[in-house]
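Below, each chain spelled out in residue letters.
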Amino acid sequence: MKQHIITLAFLGITAFGISGVFAWPNKIESVGYFKLARNPWGTAIYQDGLHQTIQFNGFNKTTKNDKTVIIERNPNALATIDYSRDDILLDAKGTVYTESKIQEMEAIATQSGMLLTHVQTDNRLSVPASTLLYLINPRIPGMVAIQFPSHTKVTINLERKAIEFPAAIKTLVVHVYDTIPSFKKNL
Amino acid sequence: MIATFLSAFFLFLLPITFGWFIMGKPKFWHMIGLALATLVSYLIWRMYSPYPSPLNWDIWEHQTAIHAILNGNISLLPSQLSDTFGFNGYTTLFHMILAVPHYIFHPDILGFWWIAEVYMVFLTGMATYALTKAVTKNSYSALLAGILSAFCFESSIVFTPFFLMPQTLTAIIWVFGLSWLINTKHLPNIFVLFLLTILLVSLHIIIGGAGVLLYMLYLNARYIHIEKTHRITEVFMNTLPIITYITLMILTYVLPLQTINSGEAAHFSQTLIQKLADIKNWYGYFPLLLVPIGIISLRQSKEKEQERMILFLFMTILAVVASPLVYSMKFFVFARYFIILYIAHGIMYFISSVGAWNKRIILIALTISQLVIFSINVTNWQESLQFRGVVSHISQGEGELASFLTHLKAGKSTMLLVSDPATSYILEAITGINTPGGAYMKPDNRLLISSLVDAPNIKTAQTLLSALTDPVEKTPVDTYVWVISARYFQWLDLPETKRFSLAFNIWRPQALTLTDAITIMNIKKNLHIQPVFTNDSAIVFVIPKESL
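Line by line, the protein sequences are chains X and B.
Going by numbering that gives the first Met the number 0, the first residue of the first sequence is number 0, and it counts up by one from there.
Going by numbering that gives the first Met the number 0, the first residue of the second sequence is number 0, and it counts up by one from there.
Derived from the structure by calculation, the hints contain no laboratory data.
Built from N, CA and C at the ideal position, the CB exists for glycine as well.
Do not take every clue at face value.
Interface residues of chain X toward chain B, partial, derived using beta-carbon atoms under 7 Å [claimed, not checked]:
1) Thr6
2) Thr13
3) Phe15
4) Tyr32
5) Lys34
6) Pro140
Far from chain X, by Cβ distances over 12 Å, these chain B residues were calculated [stated by the list, open to error]:
7) Pro14
8) Tyr41
9) Leu92
10) Ile96
11) His101
12) Gly110
13) Tyr222
14) Met314
15) Leu317
16) Pro323
17) Val452
18) Phe503
19) His527
Here are the simulated DSBU-like cross-link-like pairs (lysine-lysine), alpha carbons at most 30 Å apart as the crow flies [stated by the list, open to error]:
20) Lys100(X) with Lys524(B)
21) Lys1(X) with Lys136(B)
22) Lys274(B) with Lys497(B)
23) Lys92(X) with Lys524(B)
24) Lys303(B) with Lys1(X)
With the hints as constraints, model all of the structure from the sequences given.
This is the structure in structure tokens:
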């Protein structure tokens, strides 16, 4: 009996001893150089500061490998991708949708080996986009590629800084790059 | 790899042999127990920093001093070897000892430190075993203490058991020395004691000096038993911790902090609450219950007199640690051995009176809880260094950069590497190319280096480069190697107070951004120079002096 009391007392000490250490640090899920976080609005891809976040509203992560995440639409929520004020949005043909600085476009052109042209539009609310878009934040290494089905009529709302999706969309493929790669290669 | 392994093995062969004797030639399976604990602990520690990724940020300055010694520069003080040292807390004995295996085996630098720190964990466990056995005379308490030592990582200021540096090595030698003194039946050999004193003070003037004072206190308490002085000794022993605390508290208000270690000391002043929070992260709340139980159980043993003297030493060390003096937490490097000793003996006190099954339950509960505390502590500490899935100070890209610079340096001795403090500090250690101050760069040099990116033409850049000063290395520079790393840009973005502070550095590896690429494009355009090396971590320009 005495032995069991001593053992229980020690287990009590163990519980008290470990109680000083509250919890594991939050496990941060990584995809390439970026971090992945779930939030009430959907999924976010970011690096150090949450101010440099690409927010996938209405999308939740389904599968992920080293550099690619497949995110699935939540049918009850509005589906958009919010990008930051500084982000540069372009497609594989070199069309730049955002109003970016000339020096930034030159730097991307140098690194990617692709001539960039700025899309001319008067309609800031609805710019039809290609099925493969690249997002580059000048203050973050690397870039993010977003691929969606070809039949999807995606629009870019330049005023809201959002890529808007119709209800038909079910999944997006998000691929991250550690550096801005050469676009001459097949990405 | 074999030469690297041999170099680290050679370094620790003598201390491990001496340690084994001081441990009282323990049973073979006890040594296996310590080795297994070391292996598990090191695997957890290195889970995200594979060979040879470094985690000890002090290795860079020590490696720079080793380079200087290998280049034939011998000096008593490290500040005379390299301007990376702004404060002489120790002599160059530590660096001379480490230079020997470097000279014989020519190891891979990062690999050497990676392997040497495995032995460091093992040796720390041996020292904990030796002290616990000397005090408790119980080899099971000693084994438990030795194993616990591997899973108690003091993750700020102290850095035992993973960091090989003067303060941790001094503490290990001190603990072995104290174990030897306790085990000595008569007066200790004065010659050995003298050698030990010289060794401790040479390895770390402050920690070693304090260790020698503690030896004197112990010997005084143990051997001065003359009738009249006995009572004085009693009073002295009982009041010294309080006197120490009050004296250090007064000293704190007198010391001019801004003059110690070029002002860095001011950043290492912690309140008692902050210190207790750190200790909680390292051990949980276990010391609160198990240290008193360990002390009480030792009082009931035959070693009562010995226990009183050890408790007196422990309380004196705790008084120093608890005092508001800057860097006082460094003295925890001694205290940890006593805390682990008492915890282990407290546990043994518990399990000695229970049966085999209850013993197993207790030991399993203890193992799981200590593994959880250790893993959380390690994960928290490493979180800030994670870059592309690896925890370290240098990335793969910076490794490529270092290899390139090492080849660039071959045969040339008059280069000056110019970059931000952290990049300079790391690359100087790996490549051996001199920098103007490394991480301890003076404000004048910091200002010049931060102005370089804005130089409108090559002439201005040349003027800024030629104004850089190095108070130690007087050989005239013929080539400037300007390393514009991603850290350099991060450093430039810092507020001025941090950019000029010795206490803040960009330790985490970085990658170049588009904004950085634009700045580099402007530099090329303005200065009409082309890089000799480019990757996603850095770009390197070589500016020969003849073009100045």
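Checked hints:
| no. | hint | in the structure |
| --- | --- | --- |
| 1 | Thr6 | 4 Å, holds |
| 2 | Thr13 | 5 Å, holds |
| 3 | Phe15 | 6 Å, holds |
| 4 | Tyr32 | 6 Å, holds |
| 5 | Lys34 | 10 Å, violated |
| 6 | Pro140 | 3 Å, holds |
| 7 | Pro14 | 32 Å, holds |
| 8 | Tyr41 | 20 Å, holds |
| 9 | Leu92 | 38 Å, holds |
| 10 | Ile96 | 37 Å, holds |
| 11 | His101 | 34 Å, holds |
| 12 | Gly110 | 25 Å, holds |
| 13 | Tyr222 | 38 Å, holds |
| 14 | Met314 | 22 Å, holds |
| 15 | Leu317 | 18 Å, holds |
| 16 | Pro323 | 23 Å, holds |
| 17 | Val452 | 15 Å, holds |
| 18 | Phe503 | 16 Å, holds |
| 19 | His527 | 17 Å, holds |
| 20 | Lys100(X) with Lys524(B) | 18 Å, holds |
| 21 | Lys1(X) with Lys136(B) | 26 Å, holds |
| 22 | Lys274(B) with Lys497(B) | 24 Å, holds |
| 23 | Lys92(X) with Lys524(B) | 28 Å, holds |
| 24 | Lys303(B) with Lys1(X) | 26 Å, holds |
Hint 5 from the list above is the single one not met by this structure.
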